[in-house]
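Starting from the known structure of chain A, fit chain B onto it as the hints suggest.
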Amino acid sequence: MKRRTFLSTTAALGALSLGLPGLAQAQEPLKVGFIYVGPVGDMGWSYQHEQGRQAIEAEFGDRVQTTYMESVPEGPDAERALTQLALAGNSLIFATSFGYMDAVMNVAAKFPNVKFEHATGYKRAENVATYDARFYEGRAIQGTIAGRMTKTNKIGYIGSFPIPEVVQGINAAFIHARKVNPAVEMKVVWAYTWFDPAKEADAAAALIAEGCDVVMQHTDSTAPQAKAQEAGNVITFGQASDMSAFAPMPRVGSTIDDWAPYYIERVGKMLDGTWTSDATWGGIGSGMVGIGEITSAVPAEVKAEALAMADAIGKGEYHPFTGPLNKQDGTPWLAAGETPDDGQLAGLDFYVEGITAELPK
Amino acid sequence: MTLGGIDLIALTATLMVSSTPVLLAALGELVVEKSGVLNLGVEGMMIMGAIGGFAAAVMTGSPAVGFAAGALAGMGMALLFGVITQILLANQVATGLALTLFGLGLSALFGKGFEGIRPPQTARIDFGGLADLPVLGPILFSHDWVVYFSLFAVGAVGLFLSRSRAGLILRAVGENHDAAHALGYRVVAVRLAALAFGGAMAGLGGAYLSLVRVPQWTEGMTAGAGWIALAIVVFAGWRAGGVLLGAYLFGGVTALQLRLQAAEYAIPVQLLSMAPYLITIIVLVAISALHARGRQAAPAALGRSFHASR
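Going down the list, the sequences are from chains A and B. For the first sequence, the residue numbers in the working numbering are 1 to 361. For the second sequence, the residue numbers in the working numbering are 1 to 310.
If we strip away everything but chain A, and leave its shape as in the complex, we get (with noise of 0.2 Å):
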């Protein structure tokens, strides 16, 4: 504090000894920086929010400036980036990770005029908002696809953190898969990284070399993709982006998250004084949440049955999580007909009945 006093104290002496008028202020661009949890070309998830910025530069130009840091691992060091970026007078500040949360949180107490938008969290104050994507809504898509196209009933999943956004996904992959292909198991394999190609890699042969002939990832690199290539008769579904380098084979379908149209709506608030701090969860019904094409190595019956569930989920007509539905323990979660709220699902920590694999905590 004591730095930032002294700081514009001198500024506002350089001026006054100068003679200029204050009038650039008046004139002075909205800044809005980013904090990235991998590089912008990992062609995953922080590609995809470094398209969201790319946005508002292109939307409201000169009168907002942006800057970006990437690969600020999650702990102490986002806490660093965050008053950095606080420091350097940007307004609105994005962080696009759910470990960046206690960091957020500790650094927007420190500068309540800065507002704060976290992805992926739940933690909220006056000046820091959530936004977040129902990836788990894709999910039901490639789940159903997967079932109806394995042939080993085997499905592979790279998680990256046991977190309530990673185990959406897995049970609603898993639901739909099972819903189509009683025999499906699901095989989990926790690479505990958002980013890392050699070890998703890895992962990605193991689940293979365990027999499976799908393989979803929750983790941010195309590595796993390359890998499944390489294998030949496996299958995977674009993660975060498109990754339509690996279409028809083995990408056949994909769950976009395009931040784009979010972003743009909250920096317009930031400049005509209506922000406030919300909880914004779109899916496929916003548009915040894309299933990509889904390509010609999928039977045209299983496409039209994937498409016709993108659309029932979007129209909000149908619930990835409609009970009946079981915990894994066999006690019960949902009863016929009935849908989690929210908040449950924002904190789902348990895995669905059918899934033999235990759930780090």
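Don't read these hints as lab results, they were simulated from the structure. The reader is advised that the hints may include incorrect statements.
To be verified - Covered by chain B, per the in silico footprint, the following chain A stretches (three or more residues, Cβ under 8 Å):
no.	stretch
1	181-190
2	195-204
3	207-219
4	347-360
Don't be surprised by glycine CBs; every beta carbon is placed ideally from N, CA and C.
Using the frame of chain A, we list chain B on its own:
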């Protein structure tokens, strides 16, 4: 041979491939550190090797050209480090860290447009009937030439350091550069040569990562492999055999823990993902302790700048 649902032969074959990038980089760094230079830029040299090798292989269609280009890219980075630390006498730790950051950034710049491309396949060496031998076939006779080269390099580096005159000079420079200088050895030239070798090996390791192991180019794809290589050199007590053991242990336990997860073993996942680090450190430290008998393992002049006037 299957043990508890895990195919040990396939696992061994996999671990040899997945350990090769770290093994190559660590061997290079071993020679560099033995000459008394601490180059923390392994990560930066590796990733430059990864993009250099990938780009060259994609453009020429030849993996061999790719590996050569990867080694050259790593060597170029190392020589940059050499000029800054050996001739301009800058601090080695700071320069090494800067080299890593520089490499990560520069590789991202060069790598634009190479994402999502499949590199030409590196062929396995054909051993004819040998590859069909039970157990030994898949483990020993089913790899590409880089894996064999890395194993050859372990022996060559070990012998070079301990049995050759040039290796003795290199170690002398690393232990006491003033004495080596007084004997008439050209300290800076020896160190630059060691750095060039280290850079080429790191670059080759990086190229192996992007051309064979993953295989694709992604920004920041080394994701800490260079730091693992650095740590392995230290925990291996600056011995080539230890480096091989460390790299294979780390790669092996990493591959094994993912297999154990996929096979749904009832071992806590947190423990499994810690295991590669824990087991590698424990084993290497234990071996070092048995070996050292109070002997200082680190080269005495490690990280110190040399200037002939003193």
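Right, here's what the structure says about each hint:
1. 181-190: The restraint on the stretch 181-190 of chain A holds, since 4 of its residues have a Cβ under 8 Å from chain B and three suffice.
2. 195-204: holds (count 8)
3. 207-219: As far as the stretch 207-219 of chain A goes, the hint holds, because 4 residues have Cβ atoms under 8 Å from chain B.
4. 347-360: holds (count 4)
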